[in-house]
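Visitor: Here are the chains, one letter per residue:
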Amino acid sequence: MKVLETGNHLVALAVRAAGVEVVPAYPITPQTQVVEKIADLIDQGKMDAEYIPVESEHSACAALIAASLTGVRAFSATSSHGLAYMHEMLHFAAGLRTPVVMVNVNRSLGPGWNIWCDHQDSISARDTGWMQVYVSSHQETVDTVIQAFRIAEDHDVMLPIMVNLDAFVISHTYMDAIVPEPEEVSEFLPRYRPLWALDTRLPVTHGSVVYPSEFSETRQSMQQSQTRAIGVIKEAATRFGELFGRHHGDMVDYYRLDDAEYVIVSMGSLAAETMISIDAMREKGIKVGLLRVRFFRPFPVAELQELCRGRKSILVIDRNYSYGLAGVLYTELKAALYGLSDTPVRNLIVGLGGRDVSNELIAEKAMESFEGKLGEITWGDTQITKAHVVTRELLERFQELYNKK
Amino acid sequence: MYEIRVHGLGGQGSVTMATWIAKAGYATGKHVQAFPFFGAERRGAPVKAFARIDEDPINLRSQVYDPDLLVVTSPNLLDAALSDGFSEHGHLLINCGEDLAKRLSGECKMDIFYLDAISIAMDAGLEYDGMPMVNIPLFSAVIKQAEIGSFEVVMDVLAGPSGRGNPDDYMTAARKGFEGVRVAKL
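Those sequence lines, one after another, are chains A and B.
Heads up: the first sequence at position 222 corresponds to 222 in the numbering used here, and the numbers run straight through without jumps.
Offset between the second sequence (1-based) and the numbering used here: plus 1000.
The hints are simulated quantities; they were obtained by calculation from the structure and are not laboratory data.
Bear in mind that the values here come from a model prediction, so they are computed numbers and not experimental data.
Some clues are possibly wrong.
[Claimed, not checked] With a Cα cut of at most 20 Å, we get these calculated EDC-like pairs of lysine to aspartate or glutamate: (1) B/Lys1023 - B/Asp1111; (2) B/Lys1023 - B/Asp1156; (3) A/Lys2 - B/Asp1054; (4) A/Lys404 - A/Glu393; (5) A/Lys2 - B/Asp1099; (6) B/Lys1030 - B/Glu1152; (7) B/Lys1030 - B/Asp1156; (8) B/Lys1023 - A/Glu5; (9) A/Lys2 - B/Asp1079; (10) B/Lys1109 - B/Asp1123; (11) B/Lys1030 - A/Glu5; (12) B/Lys1030 - A/Glu242; (13) A/Lys334 - A/Asp176; (14) B/Lys1023 - A/Asp176; (15) A/Lys404 - B/Glu1152; (16) A/Lys2 - A/Glu242; (17) B/Lys1102 - B/Asp1079.
[Stated by the list, open to error] Under 7 Å between C-beta atoms, here's a sample of chain B residues computed to sit facing chain A: (18) Tyr1026; (19) Thr1028; (20) Gly1029; (21) Gln1033; (22) Phe1038; (23) Ala1045; (24) Gln1063; (25) Thr1172.
A virtual CB, placed ideally from N, CA and C, is assigned to each residue, including glycine.
Sequences and hints are given; from them, build the entire structure.
Guide: Written as structure tokens, this is what we have:
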């Protein structure tokens, strides 16, 4: 069915279509509409699931894990400080090998207090063992939520997936999209059938002490599952395309990349905006293409090595920052390409805390970068002044003003 | 691609109006987009909302800086609205009376449409929490001036779930907005 809805409501409709059975959740801006809509659907009898209103995000994730371990399909959604608050449980979800799906609406972390979009929240959860996918459109949001369950629940994967969508740009924006009915999805995504589940009639302990003699093996096994997930992700995207006629890429997606001499790499909704920049630059005769990273974990090492080969220059756009180093997609891409080529790779930091990023800005900075006019790392939309920089001088001035009060 | 930016005050229904515009475009078979930008969500604070309508799927995700139609729901927001960017080829739709509209038409680089949406809303008894629901007549005026659809489209969109006020009063105000919007000339 074609609908006009916010990205958040589309998530809820996709969760319904996926036949989710348990939803423990705690509301947080800009995710609230997701769980409100799910609660509405259950209340109206349009969705047969158990909704658990919990007292915190930590508990939301704990209940999510517990529900999954009893053998049902479970889903939750969060954002920003909520994701940070459940960080401990994120490790549990992956370590206990629960194939849960969670939508994270990408929002900055305070302070300064800010409810708008950047990727700092999910990037800070990078090393928890979760798979992470970033979407760039409303239709991709719907289709990725459905695919995520199939990938996570694959018996050779059994790891949680975080589906990341940009705050407001996707979450609160109305756009038209097609939402399949549950019966249309059931061939692609049959009912969840775990090979074992926690059952009070047959008590076992899951997740107890693991001694140093075994611990590394559990972690190596998680990496092996992440590696196996790559094939499962590709197969899911292909099969979904066959059944529904829609394909948004698999590990990566790309646009006008075949003959490109220059490449812009990005994730999330910025990649859609970048397509407009690419068209504008192409009209000026610049052979440039877009490489969009969809799956950030598992990281598309082989795909990036293949698609970045033989290019003249690469610009990676990050909507996050690893303080003390650089944007994280940039450092990961450089690691993937290490030793393979001399192609310059540069980093553009934009759009933190919801600052609007226009296709004109992307094109302008990309041209400067490809002409070698930008340094390795460029903060592309900041106008930093003395008043922003914390130095002894500024602190002394503040101290003076403060003491006068 | 037709792009609209709305400047309003919290409580006037500007965000809702952008959504209605998208619904109207969607009803005519187009691809659409509508989204708000608001800071602290408080009554009376400045609010911006955006809408895009296109034949093709929309890849733009940024705000609208050179709108085909700039909608200003209160004259005291005009300076702020213009400072966020406008196109000289675009139009301005402003909620005000004839005298002010004529004066503005001498100063403003855009062609101006005007509508006294406050009077229309008050006459129709459309008030919510002490604020006249100017979004209904203004929405109707947008659909007409941007040639998004007929008055039937306006009626279809407003017939959906709304929750505030009487549906008949909606239609009265919408009809007056559709028919009452004028071009300002010195």
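Visitor: Each hint should be assessed against the structure and marked as holding or not.
Guide: A quick look at each hint next to the structure:
| no. | hint | verdict |
| --- | --- | --- |
| 1 | B/Lys1023 - B/Asp1111 | violated, 26 Å |
| 2 | B/Lys1023 - B/Asp1156 | holds, 9 Å |
| 3 | A/Lys2 - B/Asp1054 | holds, 16 Å |
| 4 | A/Lys404 - A/Glu393 | holds, 17 Å |
| 5 | A/Lys2 - B/Asp1099 | violated, 45 Å |
| 6 | B/Lys1030 - B/Glu1152 | holds, 16 Å |
| 7 | B/Lys1030 - B/Asp1156 | holds, 16 Å |
| 8 | B/Lys1023 - A/Glu5 | holds, 10 Å |
| 9 | A/Lys2 - B/Asp1079 | violated, 39 Å |
| 10 | B/Lys1109 - B/Asp1123 | violated, 32 Å |
| 11 | B/Lys1030 - A/Glu5 | holds, 14 Å |
| 12 | B/Lys1030 - A/Glu242 | violated, 26 Å |
| 13 | A/Lys334 - A/Asp176 | violated, 37 Å |
| 14 | B/Lys1023 - A/Asp176 | holds, 9 Å |
| 15 | A/Lys404 - B/Glu1152 | violated, 66 Å |
| 16 | A/Lys2 - A/Glu242 | holds, 19 Å |
| 17 | B/Lys1102 - B/Asp1079 | holds, 16 Å |
| 18 | Tyr1026 | holds, 5 Å |
| 19 | Thr1028 | violated, 12 Å |
| 20 | Gly1029 | violated, 10 Å |
| 21 | Gln1033 | holds, 5 Å |
| 22 | Phe1038 | violated, 9 Å |
| 23 | Ala1045 | violated, 15 Å |
| 24 | Gln1063 | holds, 5 Å |
| 25 | Thr1172 | violated, 26 Å |
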